[in-house]
Amino acid sequence: MNTFMQNFPILAIMSLFLGAFITSLVARHSQKAGNFISALSVTLALGFILALFKPVMLDGQIITYWLGGWEPVAGWAIGICLEVDALSLFFGLIVTVAVFVSCLYSFTYMNHDDALPNYYTLFLMLSGSVLGLVLSGDLFNVFVMIEIMTFTAVALTAFRTSYEGALEGAFKYLAVGSLGSTGVLVGIALLYSQLHTLNLAQIAALMPVTQGSSVVLAIAFGFLFIGFGTKAFLFPFHPLAADAHAVAPASISLMISGVLTKCGVYGIIRLTYILFQNANRPVVSYLVTGFGAVSMFVCVTMAFNQHNFKRLLAFHSISQVGYVITVVGLSSALGLGAGLYHAMNHTIFKGLLFLTAGAVQHQTGSLDLDRLGGLSKRMPKTTALFLIGAASISGLPPFNGFASKWMIYQATFNAGLLHHNLFYLAVCVCALLTSVLTLASFIKVTQSVFFGQLPKEYEQVEEVPLAMRLPMWILAVLCVVTGLFPSLVQTYLLTPAVSAIANIPAYVDAAMGAGYAADRSVPGGVIASLPVTNTWTPTAWLALLFSVTCAVAIVAILGSPKDRQHEYISQMGEEESAKYDSFFSGEQAVYSQVGGSDLFWGFKHNWRKYFAVMHNWHSGIVNDYTLYGVAAIAFVLLVCVTTL
Amino acid sequence: MLMVNYLGCFALIALGFYCMITRHDLIKVVIGMSLVDYGANLLVVSVGFHAGGTAPIFTISELSRASFFVDPIPQALTLTSIVIGACTTAMSLSLCMMLNRQYGTLDTREIRRLRG
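From first to last, the protein sequence lines are chains G and H.
Mapping of the first sequence onto my numbering: position 487 corresponds to residue 487, and the numbering continues sequentially without gaps.
Every number in my numbering is 1000 more than the matching position in the second sequence, counting from 1.
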């Protein structure tokens, strides 16, 4: 093994943490120097992680680094190690790219705020803790990183303390999120009491011998699952995410949705596939898939009723994480591949959407869907970026959301056929339905914010500066590239990551020494490629999109007589009274404004009882959210104790 | 003997949850969070306890096969987790202070501008 490479994981983490401390010292004297240090440390971290791409992803190596040189003695891991296999690196790549983009965006986006040295210090600590979490090979280290992550995320959520609801969202996040932290800690204690080790690889090696005989391990699994589930904001913890997202600065919303939830996903994959190796048991599969499917559906319907741009995006964020968790629970190579692909895509397109929302907020000062409108006239470039993100999340070809959702449908459908299982088929239908509702809800946002009439107060709104558009363009280009070349993504990212998950002996041996896994007969094998059937050709879809766009453009150019524009202008004055006329007496005012909230009034009217129940359920009271969380813990523990 | 510890820590956690669910005062919610935390800490330190073991303070020369001591790792973990718990309490109390200044109340039923 290349010994120099071994230092890269710790260097990537240290550059972020060191950057945090240096920024806090330097930025008090000169904000420019602080910005430079922040940019330098995130770039360094990205560089170190990218340098690991070739050995880990292409050559299949697993890089270990023992802190302080404390290597295992006589088959017992006594030191703390960082262990980077393809799964860790996959999430490490997601994290560092998102951190890099978010940092670039912050430079301009945050320039109206004060206390910026604190912002960058907290931001870099958040980034470092998340990277430390995914690269760590030690369970207690994971817990410490989770705690640093939660603290910094809470502090950053409340960063704009005078912003309406910021403190409230932060407090709920901290209080209810502490259930998850407690879950992880109790799980670790119970696990340690049975196996007497905290090293992930050693736990994986010792688990098959002891599992099944011990009810304590079943309880430990339950606590750890709910702990990581909380960090992924799964149902019933999703109100936290909605509250935190809506009030946090947009660059932090990107971090919470794109990076923090991925830590939960990473934790659940590591826990079920490698530590406990029980993902293939029906109970665990139902548990994980069930939580994912419920999160996916409940959150997308909740998003329907939102009037705040970022709160709506937050619910969609959890809905998409629900997709990821759903397929992760299927315990098939295709499901895992689909889950990882969607996790990556979710970071890209959701990040893009949050950044466009931030751009709108930065320029107009509002996120209220009922007040905004017609911004495509003033901010055409942001609108184009938003449309790319909206098309991706709704799963329209040729963007990346389509590619991964296509794999998700295949994975759930295959699982249903293979096991003759109606549950998985129902989940497949649920996934399709959720996608349709996502599209509907994004049509609503597009209409509310970017199309329709431009309110008078926003007539002087300017386009955002290039420094803010550049990070958005990076994400938009990634949206298109990962959507157009799914086969490349599969070859270079997904297949290595999925085979790393399947090949547990390699993970154990890399940390504990060769032959350690074989002595304890750890199961696992090598997966050569993902069994994706009926792969689609994005280039054909792109050609279709291009031709349709051309046709629409030709029709639009040929059929826009000048006199209609006069009619349009003459209607401008009375848009308030004519608001609903296009639905009820449209002949009077053809060009009246259709509010985004009114688009799906029929659907909402028919589902009004469901929406009323859901609205009351998300009461905003900390006690209620805690109750749901404790109920979830009790439920998971009950399932684990009775069936595992 | 150790059973008392285990029962005690789960009782503490349960009481903390009960406090967080039923009390409408933010300060009491924070007290509940701390109780849960203490329960978890007690569990971690109990896990490493061996009846009759001595404190795990040895030099390499003193260490022999016969030395019998409690597991030092959970103690280190507990220290870390106590520090984290203190930070949680400090942070949530400071948020409570600022919430009180902004909302003029500490009643959870009135601090619910974000809902639905």
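Everything labelled a hint here was simulated from the structure, so no lab data went into it.
Beta carbons: idealized from backbone N, C-alpha and C, even for Gly.
Some hints could be false.
[Unchecked claim] Simulated coverage check for chain H against chain G, where a stretch passes if three residues somewhere in it have a Cβ under 8 Å from a Cβ of chain G:
{"no.": "1", "segment": "1015-1027"}
{"no.": "2", "segment": "1064-1078"}
{"no.": "3", "segment": "1084-1091"}
{"no.": "4", "segment": "1101-1113"}
We went through each hint and held it up to the structure:
1. 1015-1027: Check passed, 7 qualifying residues.
2. 1064-1078: Holds, because 4 residues of the segment 1064-1078 of chain H bring their Cβ atoms closer than 8 Å to Cβ atoms of chain G.
3. 1084-1091: Since 4 is at least three, the answer is holds.
4. 1101-1113: holds (count 7)
When the structure is compared with the earlier hints, no violation turns up for any of them.
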